[in-house]
Structure formats: structure tokens, C-alpha cells
Amino acid sequence: METIKILSKSIREFRHASIMAPILVSGEVVMECIIPFITARFINEIKAGCGLSVIFSYGGILIVMAMISLIFGMGAGNYCATASTGFARNLRRDLFYKVQEFSFENIDHFDTASLVTRMTTDITNVQMAYMMLVRTAFRCPLMLIFSFTMAFVMGGKMAWIFIFVIPILASGLIYVMRRTLPLFRAVFKKYDRLNESIQENIAGMRVVKSFVREEYEKEKFDTAAENLGRDFTTAEKILAINGPLMQFCLYIVMVFVLGFGSYVVISSRGMDLDVGQLSSLLTYSFQILMSLMMLSMIFVMVTLSIESARRIAEVLETESSLKNPSIPIEDVMDGSIDFEHVSFKYHKDAERNVLSDIDLHIKPGETIGILGGTGSSKSSLIQLIPRLYDATEGTVRVGGVDVRDYDLAALRDQVSVVLQKNVLFSGTIKENLRWGNANATDEEIEKACVLARADEFIQQFPDKYDTYIEQGGSNVSGGQKQRLCIARALLKKPKILILDDSTSAVDTKTDALIRKGFREYIPETTKIIIAQRVASVQDADRIILLEKGRIAAIGTHQDLMDGNEAYREVFYSQHKYGGEENA
Amino acid sequence: MPDERNKPAEGEIQDGQRDGGRMFSSSRGKRGERGGGKSLLRLLRLLFSFYPRLLPFTLCCIFINACVSAMPAMFQQRVIAVIESSWKNGDWGGASKLIFRYVGILVILYIISIIAGFTYSRMMAVITQGSLMKLRERLFNGMQDLPIRFFDTHSHGDIMSYYTNDIDTLRQMIAMSLPQTLVSAISVTTVFCIMLYYSLWMTLVVVGGVLIMTRVVKSVGGGSSKYFMKQQREVAKTEGFVQEMMNGLKVVKVFNHEEKAGEDFDRINNELFRVSERANKYSNTLMPILGNIGNILYVIVAVVGGLLLALRVPNVSISGMALGISITVPFLNMTKQFAGQIGQVSNQINAVVMGLAGAGRIFSLMDEEPEKDEGYVTLVHCEEHDGKIVEVDRKTNSWAWKRKLEDGTVEFRPLRGHVEMEDVDFSYDGKKTVLKDIKVYAKPGQKVAFVGATGAGKTTITNLINRFYDIQKGRISYDGIDIKKIRKSDLRHSLGIILQETVLFSGTVMDNIRYGRLDATDQECIDAAKLAGADDFIMRLPKAYQTQIRGNGSNLSQGQRQLLSIARAAVANPPVMIMDEATSSIDTRTESIVQKGMDALMAGRTVFVIAHRLSTVQNSDVIMVLDHGRIIERGSHDELIAAKGNYYQLYTGAFELE
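So the protein sequences, as listed, match chains A and S. When you line the first sequence up against this note's numbering, it's residues -2 to 580, in that order. When you line the second sequence up against this note's numbering, it's residues 869 to 1526, in that order.
Just chain A, same shape as in the assembly (with noise of 0.2 Å):
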């Protein structure tokens, strides 16, 4: 019920095509009713041997109706489309803006593939389960009662008949309706897992082929497929008893009514029931079960498709984890940065901190360095300036305020942050450079590349800035790419720039002059570099070693290599063989 909640405030302008469907299907019903009513009234006329004027007006006025009918279900079928795919439309907007809204936090929750599933896949089930519900969730109760008063105005007492078979075709719906409902969700994901393993099957083409697994994987793969196979027989053979226990029930009213109707019509001269109702009691009867057959299906469908309903609703419910404060601080004085006894774990209910007491005071135009191991939590700490992630104990302050005071958007702009796992988009080098700021000039954006060393190359293009880069950035190498998105963090003029472990594929003659242009060019701006290479930070102001999430050791260089062993050790790990470490 909720999730219906949820996901109805998707409907908006689409309302008024969501409920001129059903009317005019009810439209369509009505007609569809009185249509047989009239054929059966013009039979019997023509039965009688009535004159060619008697059969034009009747002619006339079924044309008529059956014009009517038309337009009516003309227009609800156009309603209906347009209602359930603009429903669609909308979810899939609600969707992807709110996961534009959602914090770090929140993405880490939801991994990548699964929010794409949810905006495609669930979202055309659920449009499909809309477009039943508008269509049909009218015109099965109105036929059904509409049937039923015309089969009791027309048949009388021999419309009791359904109250014999109603029930056993809707207890048989009901019992197929609930063993197949389980049996489907079960085969459903069982068979999200076959696709899931042929994925991986075809990722791993090499690995397969390398260790000669293909007799294998072929094994592996037959016996889930039998598997699956085997389950979806079972649901569906017994989904198959709905037709034949349709036509029972059907066989049953028709042989009812032919034998003892005819028993009326003949013994009570045709005053209890005559051959025209008898027809229609006929036609009323395959209308009734048809509409009762329908509703099971709906019901089928809808069900199905509450799992991606809920699915949606769960993101769309989901509340960004970071708020914008109610009166937010647009400018950010300097670039200066404040951690007070900073703690942060990535969830409230994790036993151990990722961060613990960090106490660290930056001031404007310092460069740090940052140097520890994997997993020393080198990313946590610099995910808090620009507020990615909110501390769980401590402040962290930039520019002397709270980083929670500023509005996002501002405190962002001014704290550039180049990703380790960083990506380019398709579109040109232009296209995705101005995503650092997007007036830039082609002037500015030259200079942006030229200070993070990528002009170099781009010239190099035949395109130059207009090179298209390909989804990923796949047609550019690793050093390339790193080098991009320094230029693309470098245009937004911040106060503070991060680069997190981003030079380690720029080779170290390139990695010394992009940081020998950042102290001639931007020397106000404060840099916080993280490297795996001692070179990329041994000329930083200070170097702090982390380790487990804690500062180690902090201070220059020479301090370091004088009063830190770990740090002696990683420099000569990393200088063994004289020469300068290449990576």
C-alpha cells in the first residue's frame, strides 16, 4: 500500500489520461453490452420475417453503436497509452533525479547495476501492471455486473447456474493464482542469476579459453538451464489449467442452459423464457466467465509486478543522508582546512572507525602530501572536506566553518576533488573539461590543460579539444585520462584542490612538472595530494603518513626520513635500485 503511495505521486499530468481511460472504457463496456442485446431483439425480427425497413433501422442503429463503441475504445486506448508510458516517463525522471540527490553514502548503498535495473527493467513491469490496471481493472467488474443483472433480467431462475459454477472457476483461479505466484517470483530470480552467470561467463571469455574451461562451463551452464527450465515448466503447466478450466465451466453453463432452458422455453410455451433470451443468456454467460478469467490474469500481472513497485519506492523513499542546512553559507572564505578530532565510520553500526581522532589544521596555500597503505583510509579523510561523506564525531571546518553550515553546491565548487576511481564521459574533450565549470572559455580550458600537462597531447589529436572520448574514457590511456580530469577539477578555480592518488599512471617527470606548475600558478590554492610514490609528495610542505585511520606521523620530508622508519622503509622500498621508481 505504501509503495503504491509512493509510486502514484509519479502519475501528475498524466491524471487526467489515467481516469478518461477508464470512463471511456466504461463507454466501450456499455456498448459491448447492448450490443448483443439489440443483435439478439434484430434476430428475432428477422426470424419473424419482418419487412427491410424494420432491418435498416436496425442496421442504422447497431452502425451507430458500434461507431460509438469505437470511439470509445479508440479513446481509451489512447488514454491509456499515453497514461501508462507518461507514468513511466515520470518514474523514470523521479527516479533519476533522486538519485542525482543521493549522497555518497546512499550510492555506496545501491550498487550501479542494480539502480539501472531499477530504472529500466522494473519501471517497464511496472508501466506494463499500469497499463492493465487503467485498461481492464474497470472493464472486468463492469462487464461481470453488467452480465450478470442482463443474464438475470433475461433468464430469471436460470441464472442461477452461476451461482453453482462462479465458484468453482474462481476457487480454481484462486488455487492456480496461489501456487503459481510463489513458484514465479522463485523462477524469476533464479533466472536473474542464469543472466547473471552468462555475463560473467562472456566477461571471462579469456579466462575460460586460457584454462580451457569451455566443456565446463558448458556443463555448469546446462544444468542451470535445466534447472530453470525445469521450474518454469512446472509454473506454467500449471498457469495452463486456466484455459481448460475456463472452457469446463463454460460447458457446463451451455449444456445447463440448452437442456433445461429449452425444458422452459418448450414446457412454459415460451412465458418463462423465450428462444432470444435464451440466445443472450448464452452470449452473457461467455462474457461472464471471460470477464472473472481476466481479472485473475490482472491479478496475476499486478502481484508480479509488485516486486519492482517496491523496488522503485525503496529509492524513491530513500531520503538523501546529507541535508543542506536550512540556512546555508554560500561563500568559502579561504582554503584553509580544520579536522577536530575527526572520527568517521562508513555506517553508524560498524564496530570499527575508518577515521579515528584526526586533529589536523591546514592553512591556505599549504600542499600536503599523504602517504599510507592500502586501506589506511588515505580516501575517507579527504572525502570529508568536500562533505561526501558528514564526520561521525569531530568537525571538520573549511575556511574556519563547518562544513555542514555551507550549501553543498557552494562548498563543493570550491573544493575540487579529483576521484581515484575517476571517469570521463562520452563526448569531446571540450564536452567533458566543461564540466569543471561550464562558461569556460576555450582560452581558460587551454590553460587548465596546459597547467595539468594534457595540452601536450590533446594537441596531438586530429581533433584536438574536439576529440571524442568514448564511454569510459576508453580510447585514452590511464595517464592520459588522469591527466584530463586534473585539467576538468583544475577549471573550477577552487580553493581547494585533492587529488587522490591521481598521477599514478602519469609518468614522474610529467607527475614533478604538473606539480611544479600548481606551485608557480595556483600557489593560494591549498593541495591536498595523496600517492602511492614517495616523489609525488616528498616536496609537499607536509607529508602525513596514515595508518589503520590514523595520523602516524606527520611533517616534511626530512623529518619524516629522519624520525619514521615506515617511512624510511617505503622510500627505499621504493628507491632499491638507485633510479627513480617508475610506476
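Don't take each hint at face value.
Unchecked claim - Listed below are the simulated DSSO-like cross-link pairs for lysine-lysine, each with C-alpha atoms no more than 30 Å apart in a straight line:
hint, chain 1, residue 1, chain 2, residue 2
1, A, K215, S, K1128
2, A, K6, S, K1204
3, S, K1105, A, K6
4, S, K1118, A, K461
5, A, K186, S, K1411
6, S, K1411, A, K217
7, S, K1128, A, K427
8, S, K1118, A, K418
9, S, K965, A, K154
10, A, K44, S, K1118
11, S, K1398, A, K545
12, A, K186, A, K95
13, S, K965, A, K545
14, S, K1263, A, K217
15, S, K1263, A, K418
16, S, K1411, A, K95
17, S, K1105, A, K427
18, S, K1105, A, K186
19, A, K215, S, K1300
It should be emphasised that the hints constitute simulated quantities derived from the structure, not laboratory data. These numbers were taken from a predicted model, which means no experiment stands behind them.
Given chain A, put chain S in place with the hints provided.
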């Protein structure tokens, strides 16, 4: 700085590996849309071959069910005729005999129909799901035998969609459209014959009406299929965009780019809405249109019937009956049935069009040429007896190449791991040369390293040694045997490869290590993990070796995944190892810890190493510097440093490597 202007061939190859997320590409859209008739025939043949007995039997049931369902109308009519003739005199006793006879026949027909219906719908469930399952298996099994080139030149999303989208389109087609079409065809024919039996003139009217209906189906239904196809493409586009944006979500946030991303999305989303609205409008209006044409047709038949009666036009019919009320009334009912069946068939049009397109694509994948293998030299376990090599069934630690000579004798050559490349040229597409004049001599136990920029051809060399691709010129030999003569599976068994992109499969950590050698015991797997330096972190996982790996090990770091893939290669224990950036994501400190294990792993083996971290390759026996597909320098670390050439420049950081 190496020229990276052109998209490097190596990069091209990797593209294929990377964009597994992309669901469709433009290349597939059109394929399979033509030749629907051929696909249909082939699909039917395939279905019959899957179920040579069950399918004809089921079709019989459908046939019986359809015939029997068409007949009751006749008997109903008779009953009503009896009532009509006798209700006025109220003679139940006289009429009851006839009525009971007809009702009795009806009951029998009904019972047959239900049994046939019940049987066929259950059988159809078996056939549909069974066929889909078999199709999946055929596709998958066929795919395992395709050459690597196929996977390099098709995006993984495209290949995936054979399994997801295309097979799914077949479900409705097999389960509903095929039986429905059969049923309708049978009913339409029966009804048509009965109509002719009564009156030719009125039949003509009905045929005229049906012609109009088919026109409508063609235009509206055709429009609908056209837009549904378009919708498929728009869905693919949306999916591609969403995928890219979700992958880069954190970057979007860091750059406050949410609004812009939203705008871009709106554009794509609106286009999808426009197309799918059209598609659904078409398909939603088809039924009411057909239904009401049926109604109108009904009226026209009535009017024509009345006219014919009134004007006393002589009837033409098989039965030779004169036109009368007794003909007109059943005729009207048949008109309804006729129109109803046409409606039923046209309802399936979308399913059929899309199903056939899907079948076409599936067949195109099945028709892909499998990897060829003319090799006849095989790899066997052996033992030495008195200096002679003897093949044995059980596992031993020594291997030999076995070759059958023309005179029927068998020649054995011990496996040493001596790999040579002589004057090898290679190109992926036959146009752009990727490797030129490559000469590599790797003696048993030697460590040979390749260094060079992206696109220089390092990975390509490994692709050639294990024959993922075949060379155009030159010769590659393994222990003196041309590798083309070695059976591919045996060649690959003798090579252990640790790939640049680590791939793990869903399953436990243990399963993943055992992938290297399926009959390895737990202890052997653990030993291999220890050797690779992976044991340490595995023991810290929640369930150690029994920890489940999901989604290519997304819960492990890149470095940990690399350690696992090293362990996997270690358990296979091959005489020759190829390590393509095997330790690139392991930080230098961990690497020095792993180094010991790696050294142990490499001891006594011929090893090819590709790395951009020079510390990894320094202790190699030979280092080859590759540039633009040529070896420009070769020698040991010390020799190359002394030569002060390219390697020296790389080493001192004047070059950039990827």
C-alpha cells in the same frame, strides 16, 4: 612520447572487454529484421527437432480442440431450431428426445475439447519452456566454441541481449502466437466451408469485410510493430545513458553536475516516451477497431441477407438450399466467429514480428563460425623408462608432446617450455599491422619481459602464443613444434595466463582458485594461495576460503583480486606462464611481500612478463622494449641501462607508460 593519435589496436581489443554494461549498439538493430520467413521455417524445424513426437502430438490436440470448439455452434443452433418448432405447442415429450440427443452430442464434444485443451496447454508449457531452455543451451554452448575475436569485436551488452531480449521475445511467440494462429486458421477454414455450404453471396460479403480488416491490421499493426522496434532502440539508448551516469555518479556529485545530467536525461527520456506512447497507441486501438469492424460487418451481412431475401435472388451454395431465415441466422453467428478469429490472430502480430526478429538474431549467433583447430599434437602425462618416454594414464609431474607419425608410430617429445617466435607479423584486421618482425627466444626457465606503451603490442604477443589469434607471417614454436600443429586445448593447458583484467566467477574463493585445475584438492588450493601471498587476506574474509564471491569480486580490492588470479594460475601449475600486468594493482609494499611467492611460482618455468612498473621486470633474463609493434631494444636490465637508450629513458622517467 609515443604516438597515441590513432586508437591503438590493443585498446580496441580491450574496449570489447570493458563495455559489458552497454546493452545494445547500433550494429545489431537491423540484423534479423529481414528474412522473417526463413527464420520462421528454421525456428519451426528446430522446434520439431527438439520435440519430434511431442510437438506433432500437441499440434494434433490443438487441431482437435479447434475443430471441436467450432462444432458446438452447429448443435446449439439445432437445439434452438427444435425449441422454435415446438415451443408453441409445448410438446416437451416430443422435443426432449431430439434435444437430449443434441445435448448428448454436445457433452461428448465438450469432453473431447476439454481433454484436448487441457493436454495441449500443458504440453505447450513443456514445449515452450523446454525449447527456450534448449535454445539457451545451444546458444551458450555454441558461444563457448567461438574464437576470442568474436568477443573482442562484439560489445558484451550486445551478446548478453541475445540471452535476455531475444530469447524472451520467443516466449510469447511459441507459447501463444503459434497455437493461436493454428487455432484461428483451422476455425477460419471450417467456418468458411460452412459458410460456402450455406450461401456464396453472403460469404463474399464476409470475405470483403475480412479483406478490409486485414488492411487495417496491416496499417495499424504495421505501424505498431514499427514503433515497437523503435521503442526497443530508445530503451537501449536510455539504458546506455543511465548506465554511464550511474557509473559516474560520484563524479557527477563532485562537480555539482546533477542538474545538467538531469537535463540530458530528460531529453532521452522524453524521446522514449514519445515513441513508446505511439507504439502503445497503435496496439491499443487495433482491438477496438477490429472488434467494431466485426460488428459493422455483422450488420452488413444482416442487411445483405435481408435484401437477398426480399429481392428473391437465387442462392448459390454447396448445399443447394434456398436462402431463408434458417440460413441467415446461423450465418450471422458465423460472421461474428470469423471476425473474432481475425482479431485474435492480429493480436499476436507484435509478438510474431518481434519474435521473428529475435529468432533471426539468435540464428545469426548460432551461425557464427566456431574456433577452428587442426592441431594433432597432444599433451600427455609421461614417465621415463630407461631413457625412453612412455605415456601413462595417471598423473605424473612430467608431460610430453605426443605426435602420431604417418607410419603409425608415435613420437614423444618432453615438454620443456621452449618458446620461439620468428619474424612474426600480425594484424587484427588485415590492414593495420600491430606486430612486425617479432623475434623472441625464450629458453626453458627463462624470464622474458615486455615493456612498452599502450598500443605497442605487448598484450597482442600473449594473444598469439596461446592462439587466441593466428599470425599472418612467421612462425611460433613450442619445444620446436609449430604451435599450429598443437591441439589448442593442449597448448593452452601448457600455458598459465594471468590476465590484465582479473576475472572472478560467482562462487566461493576456493571454487575460484580451483578453476585453475578442477581436480585440485582443498589443500592444493590453499597451498597455491599461500604461494601467491593470498592466504593472508583470505583468512581475514568472513568465511575464509568459503566466502562467496559475487559480481566479479566487487567486495574485494583490485589487488586482492589479482592475488586470487595468481593463486588460480599457480594451482594449474603450467610449465609456461604469461603474466600480463599481474601485479599492477598491488601496492609496492605488498608486491615485495608477494614477490617471494611470485619468485617461487616462476622458478623453473618459462615466464613472459608484461608490466609497466619497471621494478617488476628488472630481474628478467631478457627485457624487450616494444614500440609500435616492433622490438626496438632487447637485453638484460643492466645491459639496457648501460646502453642509455629508450629503456634508460623509461627508467629515468622521461617516458610515460600506461
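So, going through the hints one by one against the coordinates:
1. A:K215 with S:K1128: 46 Å, violated
2. A:K6 with S:K1204: 43 Å, violated
3. S:K1105 with A:K6: Roughly 26 Å between the alpha carbons, so the hint for S:K1105 and A:K6 holds.
4. S:K1118 with A:K461: Since the Cα atoms of S:K1118 and A:K461 sit roughly 27 Å apart, the hinted pair holds (cutoff 30 Å).
5. A:K186 with S:K1411: The given pair, whose Cα atoms are some 25 Å apart, holds under the 30 Å limit.
6. S:K1411 with A:K217: 24 Å, holds
7. S:K1128 with A:K427: 15 Å, holds
8. S:K1118 with A:K418: This hinted pair holds, its Cα atoms lying about 9 Å apart.
9. S:K965 with A:K154: 24 Å, holds
10. A:K44 with S:K1118: 78 Å, violated
11. S:K1398 with A:K545: 24 Å, holds
12. A:K186 with A:K95: 26 Å, holds
13. S:K965 with A:K545: It is violated: about 97 Å lies between the C-alpha atoms, which goes past 30 Å.
14. S:K1263 with A:K217: 25 Å, holds
15. S:K1263 with A:K418: Violated - the C-alpha atoms of A:K418 and S:K1263 are around 46 Å apart, more than 30 Å.
16. S:K1411 with A:K95: Outside the cut-off at roughly 36 Å; violated.
17. S:K1105 with A:K427: Holds, at roughly 23 Å.
18. S:K1105 with A:K186: 25 Å, holds
19. A:K215 with S:K1300: 35 Å, violated
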